[in-house]
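Visitor: Residue numbers (UniProt numbering), protein chains in the order written: chain A, 1 to 472; chain B, 1 to 472; chain C, 1 to 472; chain D, 1 to 472.
There's no promise every hint is true.
Given that identical chains are not distinguished, each listed pair holds provided it fits within a single copy or across any two copies.
To be verified - No farther apart than 30 Å at their CA atoms in a straight line, the calculated lysine-lysine pairs in the BS3-like style are these:
1) Lys-319 x Lys-340
2) Lys-319 x Lys-123
3) Lys-342 x Lys-319
4) Lys-162 x Lys-233
5) Lys-233 x Lys-108
6) Lys-123 x Lys-108
7) Lys-108 x Lys-340
8) Lys-233 x Lys-342
9) Lys-162 x Lys-340
10) Lys-162 x Lys-342
11) Lys-319 x Lys-108
12) Lys-123 x Lys-340
13) Lys-342 x Lys-108
It is worth saying that the hints were derived from the structure and are not from the lab.
There are 4 protein chains.
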Amino acid sequence: MRDESIFDHDELNEECGVFAVVGRPDAAQLTYYGLHALQHRGQESAGIVVTDQTRFHVQRGTGLVTEVFQTDSIHHLVGNTAIGHVRYSTTGGTGIQNAQPLVFNFAKGELALASNGNLVNAKELRIELEQQGSIFQTTTDTEVIAHLIARSQAPRLEDAVKEALSHIKGAYALLILTNDQLIAVEDPHALRPFSLGQIGDAYVFSSETCAFDVIGAELIRDIEPGEMIIVDKEGLRTSRIASPAPRAVCAFEYVYFARPDSDIAGINVHASRKRMGQQLAEESPIEADVVTGVPDSSTSAAIGFAEASGIPYELGLIKNRYVGRTFIQPSQALREQGVKMKLSAVRGVVRGKRVVMVDDSIVRGTTSRRIIRLLREAGATEVHVRISSPPVINPCFYGIDTPDRDQLIAANQTLEEMRQEIGADTLAFISPQGMIESIGRKTNEHNGGHCLACFTGEYPIAIEEELESVST
Amino acid sequence: MRDESIFDHDELNEECGVFAVVGRPDAAQLTYYGLHALQHRGQESAGIVVTDQTRFHVQRGTGLVTEVFQTDSIHHLVGNTAIGHVRYSTTGGTGIQNAQPLVFNFAKGELALASNGNLVNAKELRIELEQQGSIFQTTTDTEVIAHLIARSQAPRLEDAVKEALSHIKGAYALLILTNDQLIAVEDPHALRPFSLGQIGDAYVFSSETCAFDVIGAELIRDIEPGEMIIVDKEGLRTSRIASPAPRAVCAFEYVYFARPDSDIAGINVHASRKRMGQQLAEESPIEADVVTGVPDSSTSAAIGFAEASGIPYELGLIKNRYVGRTFIQPSQALREQGVKMKLSAVRGVVRGKRVVMVDDSIVRGTTSRRIIRLLREAGATEVHVRISSPPVINPCFYGIDTPDRDQLIAANQTLEEMRQEIGADTLAFISPQGMIESIGRKTNEHNGGHCLACFTGEYPIAIEEELESVST
Amino acid sequence: MRDESIFDHDELNEECGVFAVVGRPDAAQLTYYGLHALQHRGQESAGIVVTDQTRFHVQRGTGLVTEVFQTDSIHHLVGNTAIGHVRYSTTGGTGIQNAQPLVFNFAKGELALASNGNLVNAKELRIELEQQGSIFQTTTDTEVIAHLIARSQAPRLEDAVKEALSHIKGAYALLILTNDQLIAVEDPHALRPFSLGQIGDAYVFSSETCAFDVIGAELIRDIEPGEMIIVDKEGLRTSRIASPAPRAVCAFEYVYFARPDSDIAGINVHASRKRMGQQLAEESPIEADVVTGVPDSSTSAAIGFAEASGIPYELGLIKNRYVGRTFIQPSQALREQGVKMKLSAVRGVVRGKRVVMVDDSIVRGTTSRRIIRLLREAGATEVHVRISSPPVINPCFYGIDTPDRDQLIAANQTLEEMRQEIGADTLAFISPQGMIESIGRKTNEHNGGHCLACFTGEYPIAIEEELESVST
Amino acid sequence: MRDESIFDHDELNEECGVFAVVGRPDAAQLTYYGLHALQHRGQESAGIVVTDQTRFHVQRGTGLVTEVFQTDSIHHLVGNTAIGHVRYSTTGGTGIQNAQPLVFNFAKGELALASNGNLVNAKELRIELEQQGSIFQTTTDTEVIAHLIARSQAPRLEDAVKEALSHIKGAYALLILTNDQLIAVEDPHALRPFSLGQIGDAYVFSSETCAFDVIGAELIRDIEPGEMIIVDKEGLRTSRIASPAPRAVCAFEYVYFARPDSDIAGINVHASRKRMGQQLAEESPIEADVVTGVPDSSTSAAIGFAEASGIPYELGLIKNRYVGRTFIQPSQALREQGVKMKLSAVRGVVRGKRVVMVDDSIVRGTTSRRIIRLLREAGATEVHVRISSPPVINPCFYGIDTPDRDQLIAANQTLEEMRQEIGADTLAFISPQGMIESIGRKTNEHNGGHCLACFTGEYPIAIEEELESVST
């Protein structure tokens, strides 16, 4: 599960969550619980659009799902098909106007869109559309898709969507709602997780399977790369927006985005993280007294490391659960005097001990340095850092907002330089091959069916072609 | 750390947290961070009173610390001595008027009080005071103390406090503030944890030591049973409100109230919980595939159980971090259809497995039954329940709001009946002696210096006398 | 009706409004509408306490009646007897803790008090009570009354109230509620208006009769000086807290406090104001083109002046209705550039005209100077100021917070100096005798039954005695 | 000034207010005060967009100007050119998404629009645009204008605006902002008031001149019918969007929309209303004891009536100033028992009197009936109703949302039937000719330069042509 104490807010791009229910009178309520289970994918804003077959009912707002919706308001969201969205954004000032689902009127009536992902060529398309007279009210990629759909002359919505997406390159899990149809589309490489489930006779869609568990729905299957699913009064049918390509799930979903209780492409996230920890212990063993993880995203890997190494697993770091938007940040003066915010090292656990600190990634290195200092101040005699993902050395084109290359510590320093920079006694990363094997898909798909580009620079073949075509 | 998914809101009494800073210009800010670290002890309301030596500045409100205080408001709380309080209450409707610190004017000027605890004879004292013409604005025990102080004719405040507390029987960590003094008092048996620390030249007081770590303060020592500490312009001095009695810390503080990173009476809470898990594994071993704890309070014990038993520790249960006051509870219909709220079982971890579920206590048994069902629905083939505290069979007179005896499952059923009631394959509790040894105070004090009355019915001797005197 | 543009917020003391309903299932709702009609008497906070015969239901908050109560909340206020209060306070920082009705527990059960008025000897009583061990949570005079009631050993509440009020000197309209009685008391000189009415079989009490009209109740009569009315299950009976004294209604109630549609002591407020304007025109005639009043409190007097003088009445000054608590005050720089806030002069009405500006009072003179400048900037060639009350030269001991004598312009300057100071072409005040006759009570009571002390220094005889006794 | 007690909320269409400042560092603050002075033109939402020459800063919200903007927020609106809007809407549910100024990105950069008015052919244009692929996010007419501007291929913005407006028929005062230009356009018949002023070197634009007075600006002139004013770094220049046509100001602006201190087309609104009252007294004299106006919009006419008839003017009806959005409406049961909401009749003024009640208009007649009943219940012996506008018998195409013809009482009943329906003793309306003369423009323009279509059915010639072309 994403941990804001590790990757700071400004380091991560628009990683969002989408959810939909088709064909239940309590569609909006179920969507509420679904979004609540996806809350870790975005805390900036939340929204639900529901159709009663005649018109839309919309509620969107900034804040957590529990802040945006109240008992009263949820009961105004009447209708049996709903789509919802939780949003995580890069820039603080975006606010309510970018809250999804976006809602428009176009020639075929009302249209709502919710998307998790990033378009590689959004900027070019936007300029082109503006030159043709389009006006934009948001800065989201999703509005570009809406314009393309509206401009298509195809009489059927699904053909208009197909035509629109043919112009688009990127990673997305996309939901489109009208008063008589719901359309769900997975990008051609399935970079973003997207699953189809069912609850009774109704269909549900979700960025992660954990949301199915929460509402008592059953997973049917993951949506295929390039697949478009249409649900309307005729029932559910499936189509394609692109020719079949191998699945290339973003490896970072396993490393820290997804909730441990979700399954992606059939693999449980907690289990894959624990295997990464075990692998790490085998690749880079160390003599120590205790193993601790950086909560919450590294807990599973730390448990795995402890198990494989035989070193006891302890709660050496505690996270304050109550840090929210309105938390008053300590002044610089107070910080220097030692006022902590989110993480505390547990003195009684680490004092006089050699500590293995397992974390899921290092981006800039600043957070690692801070946590290591916490541990030493609490009395740790040695701090050995083990990272359950390989060094991040390449930018991501598909929605993970890695900072500029010159700020990626692993792209600019040797392992030894990094160790000194963060102040660890030893430092080791898992190997790319070790990670692939730990995630556990032993298929003959490229990289086991995962995108590891940020670690290896090896983009899945199809993606490379796209990038070339974009840059042309 | 208290877990609301285990003990439901209505099962627990007024367990609060107090914090104070004496002698720093940023007293209110430090108190804010201190209260934030004590947030797990009370989420209903929060308050800070600060004195600038001439007058009080007060802010109190319902909600979390981060909701009650904003950047603007904290800067209005000027002065170099502050006391703060977080409150947990039994009844939903109490609201703002019971938010502490309470503030009064009396003959000696302004008076603020903040208390964590429960008075055994509050009701009797209240009736007596009303018959003498006192009027009450709150339903807190703390207001009784204030009236007793105000009615004392002793010229010095500390003598008035001593006189007031001589009428009182109960458990409390009490802070009293005037414009020129701060007084801290620990009850005669030290049932509630209460520590003295320092940061630079300033003194700090806290219900738990974790709050010292957060602000960079050092623990000096725990306050002694019956000790009264006075800080004023003369410095710090200590006095007594009662003759020396053995320490009898509430064992439940170790079991689940306190934060794992706190030390109480010199013992780290996480470490003591882990030892309880180890002890439990030794006392009641079982063959199984995975060990899981009920988050968050049972995590440490589960780790200990896993370590001692050699069964792998896994995240078999996941708690949604975003459940807050404004969460819309699912209707009965939705619950029956399987909508979960706070806890999810991790299918990928427990499916097809024999699971040891470690929990910290069983009160009514309803929550255990619910969690066991969650695990079975997620595919667990067996569920073995291990409880890291002994059966609760007696009411608490000192602030833990155990429900009426007829609702205490362990007071009314045999172990086998309980096992059937909650639906476990096997069920075992730690022994009282095992718990005492696990907590780890090998002194010759009675019960190792702890109050175990709710488990054993054996009240510390001095307490029994008091109860007799009260009931007379 | 009080006009904040004339007397600024900080110049006026605690003038409040009280309302009660006894014996109707919709008591709280009717109290809401009653308080709403009394909103002009206090905008700082509002509150209602209702009893269902068993316990109190309380709601209080800062802000307007419409801000404090919502549809939901009013329906929680169940019970058939309610008292309510709107509060106007002198100091900004007082906040919620001073919101009335105050609610206490005392030996006889629950007790609520709401009072409009001011006690002359509140401070002395408070000190005395504190020395006897009382603690205070508010800075209101009303809490002093509560303590005195609680300390009385009289077995019947009405005797306890009588005993309590025997210690008190001042002006008040007081409502006291328990779970089985409502008691209403008017001070011995009836300085504050207080009326008894009925709606169906139920009794109502109000600071002003306008609140009766709004709920469709009928006025029975004004409450007599020193009268105590008790309503309980036996019905209504009347008693006395003091021997009969002549009525001495505060003349300022007629001048600007009360709503024009209220009747006080049988005299309509608008009609009395209009007669003051007519009297003023007769006493101090002037040749001019238009008459305008300073909205809203001087409108009636301006109409009277126009009618008596034959000069057309015009809307020469317009008040912005939307200035509220959250209005952003213009910076000094913007003010100097001419940004106005609440009042605008109507250029099309006053340009090139000789204007008579009728206002109800001059306290410091600063507001008059500002308004005269507005009129001149809008093109008025002459501005003749006529004030419908005599010069204020003495402090008030009974609740009107006249500023210190050295800030009362009329106490320090001659009429000519004042004229120059405010920049008027001519300036005249109504004579005290003219005002008495205009109000219109031609009785042989002293001063026609009014208190004119702030104008004349002549305190009603009984009051003088009291003041002596206080100052002794 | 519009009085909601007369025309109920649902009877009036989108009558809004616009304001702009060009060329001052405090542009947003001045716009705040300007919008505050225009608050009577719309209370649903408010917004300001300011440019710092590089980018827009936007704040919009539902509620009053004082609710939408706080001190902090206004200081974030940096830049020296600002446009603002207050909105009044017909449908309750519209909410924030329709709050103006609207903001878009288009090919030429950022674009903001604020408009007061109504387009006759908005619906047709919208359908046409959607068929060409446009998507709409609001239901405002203003968004149609934005799309037309964006689709124009004209390289200069002012030509694009001209081209866009050539498709549009309707009444509007329109403000358009980019990062380097402000454009203001008045519709071809100047149906909506729109004025140009200056403050120092900066230009200001406003729906009404009262906003100029409030910020200390000077009126330069009213904007001409069909005039387009462009202000940019070259200074101010003027252009035309249509060939010259006679001014046809909506007469209802004088009757009740505008503030009495505004001048429209050189005529003061209060003065014109007073003349209407005088004219009415001459046209339909009556013997009576008092004249009263329905507050606030009919006060001026009532004063005029009183002056011309010699009958004293009194405050016979009082409006509660504190009725706001959150006022709890009395239940039907309470209403029947006599609970009033906004208006009270002053018993002391009307009891036993023959009352002339002057009102500004009758639409459905329901409000008049209610007020007459109030007066009779308060003791009026006769109620003579005089209306300062002619009977409304025709729908308005230009933004005044007259209800359907079958609900217009004057379109369906004779004068005598109306009199009986509302319960008056006599009833008279001003004549159309009398109204024209009272407003006072003795030009040879058609109808003195006013649109009287709702009274006479005579639409200004050019308008009729347009309507034909639309209906073709």
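Visitor: In ascending order, which of the hints set out earlier in this document are inconsistent with the structure?
Guide: 2, 7, 8, 9, 10, 11, 12 and 13
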